[in-house]
Amino acid sequence: MEHQSCIFEYRTLGLVLAALLIMTAVTVGASYIDLGWVNIWIALMIASIKAGLVLVVFMHLKFEGRAVILSFLSTVFFLAVMIGFIFWDVGFR
Amino acid sequence: MKPQTDRTGNKMGMWLFLYTEIILFGGLFVLYAVYFDRYTEDFIAGAKELDRVFGVVNTIILLVSSFFVAASITAVRKAHDRIALAGLWGALACGAVFLVNKYIEWGHKIEHGIYPGSEKLLDSAGGQNLFFGLYYVITGLHGIHIIIGMTLLGVSLVLVHRQKITAQKDALLENCGLYWHLVDLVWIFIFPLFYLVV
Chain C
1 MEHQSCIFEY
11 RTLGLVLAAL
21 LIMTAVTVGA
31 SYIDLGWVNI
41 WIALMIASIK
51 AGLVLVVFMH
61 LKFEGRAVIL
71 SFLSTVFFLA
81 VMIGFIFWDV
91 GFR
Chain P
1 MKPQTDRTGN
11 KMGMWLFLYT
21 EIILFGGLFV
31 LYAVYFDRYT
41 EDFIAGAKEL
51 DRVFGVVNTI
61 ILLVSSFFVA
71 ASITAVRKAH
81 DRIALAGLWG
91 ALACGAVFLV
101 NKYIEWGHKI
111 EHGIYPGSEK
121 LLDSAGGQNL
131 FFGLYYVITG
141 LHGIHIIIGM
151 TLLGVSLVLV
161 HRQKITAQKD
171 ALLENCGLYW
181 HLVDLVWIFI
191 FPLFYLVV
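Protein chains in written order, with the numbering used here: chain C, 1 to 93; chain P, 1 to 198.
Don't take each hint at face value.
For lysine-lysine, the following DSS-like pairs were computed, each having C-alpha atoms within a straight-line distance of at most 27 Å [what the hints assert, rightly or not]:
hint : chain 1 : residue 1 : chain 2 : residue 2
1    : P       : Lys48     : P       : Lys120
2    : P       : Lys120    : C       : Lys62
3    : P       : Lys102    : P       : Lys48
4    : P       : Lys11     : P       : Lys48
5    : C       : Lys62     : P       : Lys109
6    : P       : Lys102    : P       : Lys120
7    : C       : Lys62     : P       : Lys169
8    : P       : Lys11     : P       : Lys78
9    : P       : Lys120    : P       : Lys11
Selected chain C positions facing chain P (Cβ under 10 Å, derived; list incomplete) [claimed, not checked]:
hint : residue
10   : Tyr10
11   : Thr24
12   : Ile42
13   : Ile46
14   : Ala51
15   : Val54
16   : Ser71
17   : Val90
18   : Gly91
19   : Phe92
Don't read these hints as lab results, they were simulated from the structure. Each residue gets a CB set at the ideal place from its N, CA and C atoms; glycine is no exception.
One chain only, chain P, in its complex shape:
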């Protein structure tokens, strides 16, 4: 008898995990929304201090990386191994550039005395402290997810290379892809909330 893989079960398990992630980030967004409601002026002033260029560039990078991952899944199904590997390399490169941007962005902010518990924030209006507190927590947690996602994509890349992930056996790649897309999904909401508030 050939061993059977339970495709639905594999996917369902991953989705159940993703739901907990949605609620995790959802909770943080609710916190943001309530404080935005209470300290609207301070939040708008805070958002003006963030560099839109970083926000836009990182949005484009993540969208392109999601495309790469989706394309690599299609490629594995079609047994186009080369395209699959190229897609995964592309997505990994996007993730790395994203993190470098984040590093530069955070670095600038910290240089200007904007970091949790900094004197500048403690002396400013209460809402600014909350805005940047949420900024660091949410983008930081998101950054950790990027690192985990890149690790998962890296593992998939090796397994595709070793022919352990194939058109018949691609559940791992699909689930790693789902995780990566969720990270993109969260950024789609982070971007307007932190960078585009006017």
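Isolated chain C, as found in the complex:
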């Protein structure tokens, strides 16, 4: 396998770290502005973007084949089903 080319340069990793730190600052800043229920969604959205960056770059998802990508997406899908169904149940009790 020619995996030698499949690496991120230190510079790229550093830029991703900078982006992650900036997003942490943004999420802390946003939490001081009271927007009611919107706050939690902003926080979760920023957290998801951060998670995406960690997955794609730090965890090398970018270089993975179909098997890992599809199985990962299925896991996220099942997590979403689990969350969705539980809220469906709790919401209509």
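Given chain C, work out where chain P should sit, using these hints.
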């Protein structure tokens, strides 16, 4: 014949394990979400009692540690052994500082009578007890993962030092790295849910 290593197989096995971890923490987050929905006021009051500074500092520490691990993998691939070792030492140091912070943070809370089953929590509104119960379970489980992750990084460090992990044979380091990043990933969600709820 040269022995072949199955890179895809190695990685797939680790990812399958990580999926079970995602569902494990996912389940706990669902529990948090449902109780947050039911006891919103109590959860917000609970979050206000947590010290944001600890949350922010620990977030930065884990993000930097993930960078160190990712950099050490790049370094091993480029045969920059010194950088790889420095990266792993850096990540281990970050993990240790994280645990010390957690110890101080938990210590403060326990001193103030906030721990599972404490009189203060049992006498308070039901939601507060649930909030701190989940706080201890989730951050505690996460802390155990940090300890396991540090052990794995420590093993990788020794193996890089002994030239057992090299550019051609780095699956172990990559998988230990994946585990460490997952621990970071979980914290990325713990942080806003416990510390930033207003």
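Evaluation of the provided hints:
1. P/Lys48 with P/Lys120: 16 Å, holds
2. P/Lys120 with C/Lys62: 49 Å, violated
3. P/Lys102 with P/Lys48: Judged against 27 Å, a Cα distance of about 17 Å means the pair holds.
4. P/Lys11 with P/Lys48: The hint is violated at about 41 Å.
5. C/Lys62 with P/Lys109: 41 Å, violated
6. P/Lys102 with P/Lys120: With Cα atoms ~21 Å apart, lysine 102 of chain P and lysine 120 of chain P stay inside 27 Å; holds.
7. C/Lys62 with P/Lys169: 20 Å, holds
8. P/Lys11 with P/Lys78: 20 Å, holds
9. P/Lys120 with P/Lys11: 47 Å, violated
10. Tyr10: Holds, about 6 Å.
11. Thr24: 5 Å, holds
12. Ile42: Constraint on isoleucine 42 of chain C satisfied, holds at 9 Å.
13. Ile46: Hint holds; isoleucine 46 of chain C Cβ to chain P Cβ min 7 Å, cut 10 Å.
14. Ala51: 5 Å, holds
15. Val54: 6 Å, holds
16. Ser71: Holds. Min distance 6 Å.
17. Val90: Nearest chain P Cβ about 5 Å off; hint holds.
18. Gly91: With Cβ-Cβ at 8 Å, under 10 Å, it holds.
19. Phe92: 13 Å, violated
Violated hints, in rising order: 2, 4, 5, 9, 19; the structure is consistent with all others.
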